[in-house]
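Listed in order, the protein sequences are those of chains A and B. Going by my numbering, the first residue of the first sequence is number 125, and it counts up by one from there. Going by my numbering, the first residue of the second sequence is number 612, and it counts up by one from there.
Hints are computed from structural coordinates only; laboratory data are not their basis. Backbone N, C-alpha and C define an ideal beta-carbon position, used for all residues, glycine too. It is possible that some hints are incorrect.
Unchecked claim - Away from chain A, derived, C-beta distances all over 12 Å, residues of chain B:
hint, residue
1, 654
2, 728
3, 807
4, 808
To be verified - Examples of chain B residues lying across from chain A (beta carbon under 10 Å, computed):
hint, residue
5, 647
6, 799
7, 803
8, 809
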Amino acid sequence: MDSSTSGRDLAVGVFVLAGLAAIAYLSVQVGGLSYSGPRGFEVVATFDNVGGLSARSPAMISGVKVGQVKTIGLDADLRARVVIDIDPNLELPADTSAAIRTQGLLGDQFIALEPGAEEVLLGPGEEILYTDSALDLESLIGRVVHDAGIDDEN
Amino acid sequence: MKALVARLGRACIGFVSGLGAITRFAGAIGVVVLTRPWRFRSLSRQLYDAGALSFVLISASGMTVGMVLALQGYNTLTRFGAESSLGAVVGLSLIRELGPVLTALLVTGRAGSAKAAEIGAMVTTEQLDGLRMMSIDPVDYVATPRALAIFFAMPLLTAFFILFGILGGYLVGVNFLGLDSGTYLASLETSVDFRDDIVAAFLKAGIFGMLVGLISTYRGTTCTPTTEGVSAATTSTVVTASVCILVSDYVITALWGV
């Protein structure tokens with residue numbers, strides 16, 4: 125009787141522990157709770173247009189994910205101010221440039237970082253000065269159609 | 612005509628007084644939960660029954676659901692050339708809706724009906740009256756451990772359902788349909804948000820757990836002491852709990868704003 129009771133208790137304990145581990149895995153790994161821990165290394169970049177970029181969009185160097193977008197807001201000049209959370213072990217030169225690119229033709233948007241050649245490193249909280257905004261496909265098509273229209277009239 | 616109207620009135624009064632009775636029952640369980648003695652032995656026994664023994668059912672169901680989602684999602688996504696979002700489709704559907712709701716429905720069918728029938732049989736054989744005669748509160752001794760066990764088991768089982776669903780989707784998407792494993796996991800991880808998706812899933816699981824635990828033990832203790840009474844209590848547990856789960860799922864989703 126007593127051994128069957130303790131066996132049952134063990135099964136319940138294993139069940140509860142495994143369940144809590146599953147919840148923790150879903151929160152941390154899948155839910156992306158606290159990416160790269162508390163010592164995340166933040167840099168700021170301003171863009172004229174962020175397009176479809178959103179919080180948690182990835183930041184990549186040569187196609188490798190090194191961080192993600194933390195927040196997107198407006199700065200004093202009403203340009204989009206993007207805070208990027210980057211892997212703290214990464215040493216980025218101060219003249220690194222950031223561009224908003226699209227994965228494939230219709231895929232999600234991400235920030236492509238292009239390391240520069242400067243000896244000085246980019247510090248936490250500093251701003252990336254060279255930025256390239258999202259390609260606005262609609263206005264591009266609009267311009268092409270408009271130009272074609274003018275050609276017809278001439 | 613007069614009789615019809617009277618019957619409508621009786622039905623309305625019955626519904627409202629039923630709501631009042633289940634609320635008082637919930638209050639009684641709340642008082643028992645907050646006051647000593649806490650019946651850990653009994654809770655562990657019930658958790659084994661409602662939780663640990665449901666593990667195989669829940670994980671097998673989760674896996675099948677994930678596999679079907681991957682297959683169906685792939686067929687739809689491939690028309691738009693968007694197979695790379697399969698992980699997001701499988702993960703978000705499982706975490707936001709299917710995981711909590713299907714787990715709750717399965718637990719209702721497996722544990723909820725069993726608890727209602729068990730308590731109903733105790734009522735029929737006058738065991739609860741026996742307890743009252745020894746001045747043991749049946750709500751404390753019989754209903755609370757069962758309701759609490761279902762409440763605690765629900766979020767854990769939901770987590771298993773979701774994990775096995777994601778695994779099933781991975782098996783079909785990567786090993787059977789030839790999707791890249793990195794693409795599947797990356798699209799899953801970038802699209803799932805902690806607050807909007809994970810917290811909402813476990814909020815739902817907790818509320819469903821409370822509903823199923825409460826409804827099954829209430830139906831059991833208020834069972835008519837006959838064999839038909841037990842079968843009616845079981846049926847009404849499954850029906851009421853299922854409807855409550857589906858309705859509250861909509862309400863939580865709408866209020867949580869996702």
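Hint check results:
Not every CB of chain A lies more than 12 Å from the CB of residue 654 of chain B, the least distance being 9 Å, so the non-interface label is violated. Every beta carbon of chain A lies more than 12 Å from that of residue 728 of chain B, the smallest distance being close to 21 Å; the non-interface claim holds. For residue 807 of chain B, the condition that its CB be more than 12 Å from all CB atoms of chain A is violated, with the nearest at approximately 9 Å. For residue 808 of chain B, the shortest C-beta to C-beta distance to chain A comes to about 7 Å, within the 12 Å cut-off, and the non-interface label is violated.
Interface restraint check: residue 647 of chain B against chain A, minimum CB-CB distance 21 Å, threshold 10 Å, status violated. Interface hint at residue 799 of chain B: satisfied, since its Cβ lies 6 Å from the closest Cβ of chain A, which is below the 10 Å cut-off. Evaluation of the residue 803 of chain B hint against chain A yields a held restraint, the C-beta minimum of about 5 Å falling below 10 Å. Checking residue 809 of chain B against chain A: minimum C-beta separation of about 4 Å stays under 10 Å; hint holds.
Violated hints, in rising order: 1, 3, 4 and 5; the structure is consistent with all others.
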